[in-house]
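Please model the entire structure based on the sequences and the hints provided.
Protein chains: 2
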Amino acid sequence: MKIEHIGIAVLNLESSIPLYEKIFQTNCYKIEEVESEKVKTAFFKIGDCKIELLQATDESSTIHKFIEKKGEGIHHIAFNVDNVNNQINRLIKSGIESIHQQAKEGADNKLIAFLHPKSTGSVLMELCQDKEIE
Amino acid sequence: MKIEHIGIAVLNLESSIPLYEKIFQTNCYKIEEVESEKVKTAFFKIGDCKIELLQATDESSTIHKFIEKKGEGIHHIAFNVDNVNNQINRLIKSGIESIHQQAKEGADNKLIAFLHPKSTGSVLMELCQDKEIE
Chain A
391 MKIEHIGIAV LNLESSIPLY EKIFQTNCYK IEEVESEKVK TAFFKIGDCK
441 IELLQATDES STIHKFIEKK GEGIHHIAFN VDNVNNQINR LIKSGIESIH
491 QQAKEGADNK LIAFLHPKST GSVLMELCQD KEIE
Chain B
391 MKIEHIGIAV LNLESSIPLY EKIFQTNCYK IEEVESEKVK TAFFKIGDCK
441 IELLQATDES STIHKFIEKK GEGIHHIAFN VDNVNNQINR LIKSGIESIH
491 QQAKEGADNK LIAFLHPKST GSVLMELCQD KEIE
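Read top to bottom, the protein sequences are chains A and B.
At the far end of the first sequence sits residue 524, using my numbering, and the numbering has no gaps.
At the far end of the second sequence sits residue 524, using my numbering, and the numbering has no gaps.
Please note that a few of the clues may not be correct.
Across the chosen pairs, the derived CB separations fall in these ranges [unchecked claim]:
hint	chain 1	residue 1	chain 2	residue 2	range
1	B	Gly461	A	Lys435	30 to 38 Å
2	B	Glu411	A	Asp472	13 to 21 Å
3	A	Glu449	B	Ile421	40 to 48 Å
4	A	Leu409	B	Asp438	19 to 27 Å
5	A	Lys521	B	Lys392	20 to 28 Å
Once the Cα atoms are required to be at most 25 Å apart in a straight line, the calculated DSS-like pairs of lysine-lysine come out as [stated by the list, open to error]:
hint	chain 1	residue 1	chain 2	residue 2
6	B	Lys459	A	Lys460
7	B	Lys435	A	Lys500
8	A	Lys455	B	Lys508
9	A	Lys435	B	Lys435
10	A	Lys455	A	Lys428
11	B	Lys435	A	Lys392
12	B	Lys483	A	Lys412
13	A	Lys500	B	Lys440
14	B	Lys508	A	Lys460
15	A	Lys435	B	Lys392
Listed next, the stretches of chain B that the computed footprint assigns to chain A, with coverage defined by at least 3 CB atoms under 8 Å from CB atoms of chain A [claimed, not checked]:
hint	segment
16	397–410
17	413–420
18	432–442
19	460–473
20	512–522
Keep in mind the hints are simulated off the structure, nothing from the lab.
Ideal Cβ positions, reconstructed from N, Cα and C, are used throughout, including at glycine.
In structure tokens:
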């Protein structure tokens, strides 16, 4: 496992991107909308990891609900693994609950799954792997 | 800048360490008490980054207050920089508030400073550098 990115929930990418560019001294290198998740994302490269800003595009988005409840801030940690489905199976067998029972498509050309924070110390964890090019 | 570690506030290291060992499939490699911060910390190596679990050792600890308000979960992101004091000066000049006006001693043989989350999108950010061996 390695840390692939840290997801940060923001109200507004337009004002958050220049703020984080100032802090990190690096430019946002990609903006991508993930319609299925009702989010717009912006990525920064920080060493070997990424920071992903997430803005809700609809009130039904989990990011909208997160910000309503907790305000802006760190939303999740994503870990790169060789095979998301293998890891989900391993974790479920060891008593960890997974929100997704199998990998699904995510932003940034990845297959992803989220573990349930109630079994991971209230830390929302994403597992991800690069999609194989067909 | 690179991500040095992610800090996670926990109620009890004794129960959290085996949980995270199970998730990460790696053993906690160091437990360290930082008396000045009133915390006990446990470290995991995840690729080039670390996960730091933080348990309060006293009710006056910021970790105790964080958990009382928000519950267990992700507490901060720490970024490795060449020189913490230079970065604090740069950030203050560009309008970012810093909790510490100059670097101080932290866990894991580092010099550290925290930026004020009210000027960093509600994300608590730590800057750190390795202490020079004298």
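Hint check:
As the Cβ distance of Gly461 (chain B) to Lys435 (chain A) is approximately 31 Å, the hint placing it in 30 to 38 Å holds. A beta carbon spacing of about 19 Å between Glu411 (chain B) and Asp472 (chain A) agrees with the range 13 to 21 Å that was offered as a hint. Hint check: Glu449 (chain A) to Ile421 (chain B), Cβ distance near 44 Å, so the stated range 40 to 48 Å holds. At roughly 26 Å, the beta-carbon separation of Leu409 (chain A) and Asp438 (chain B) lies within the given 19 to 27 Å, and the hint holds.
At about 26 Å, the beta-carbon gap between Lys521 (chain A) and Lys392 (chain B) stays in the expected band of 20 to 28 Å. Restraint check: the Cα-Cα separation between Lys459 (chain B) and Lys460 (chain A) comes to about 10 Å, which is no more than 25 Å; the hinted pair holds. At roughly 23 Å between alpha-carbon atoms, Lys435 (chain B) and Lys500 (chain A) fall within 25 Å of each other, so this suggested pair holds. Proximity of Lys455 (chain A) to Lys508 (chain B) is assessed by CA-CA distance (about 21 Å); at most 25 Å being required, the pair is judged to hold.
About 20 Å separates the Cα atoms of Lys435 (chain A) and Lys435 (chain B), which keeps this hinted pair within 25 Å; it holds. The straight-line distance between the Cα atoms of Lys455 (chain A) and Lys428 (chain A) is roughly 12 Å, inside the 25 Å bound, and the hint therefore holds. As the CA atoms of Lys435 (chain B) and Lys392 (chain A) are separated by approximately 9 Å, the hinted pair is consistent with the 25 Å bound. For the hint linking Lys483 (chain B) to Lys412 (chain A), the alpha-carbon distance of about 11 Å falls within 25 Å, and the restraint holds.
Our distance criterion of 25 Å between C-alpha atoms is met by Lys500 (chain A) and Lys440 (chain B), whose separation comes to about 23 Å. With a C-alpha separation of about 14 Å, the suggested pairing of Lys508 (chain B) with Lys460 (chain A) holds against the 25 Å cut-off. Between the alpha carbons of Lys435 (chain A) and Lys392 (chain B) the distance comes to roughly 9 Å, so the proposed pair stays at or under 25 Å and holds. Look at the segment 397–410 of chain B against chain A: 5 of its residues bring a Cβ nearer than 8 Å to a Cβ of that chain, three or more, so the hint holds.
Evaluation of the coverage hint for the segment 413–420 of chain B: fulfilled, as 4 residues show C-beta separations to chain A shorter than 8 Å, against a requirement of three. With a cut-off of 8 Å between beta carbons, the segment 432–442 of chain B has 4 residues touching chain A; three or more are needed, and the interface restraint holds. Three residues within the 8 Å Cβ limit are the bar, and the segment 460–473 of chain B against chain A gives 8, so the coverage statement holds. Taking a C-beta to C-beta cut-off of 8 Å, the segment 512–522 of chain B contributes 3 residues in contact with chain A, enough for the three needed, and the coverage statement holds.
In this structure, every one of the numbered hints holds.
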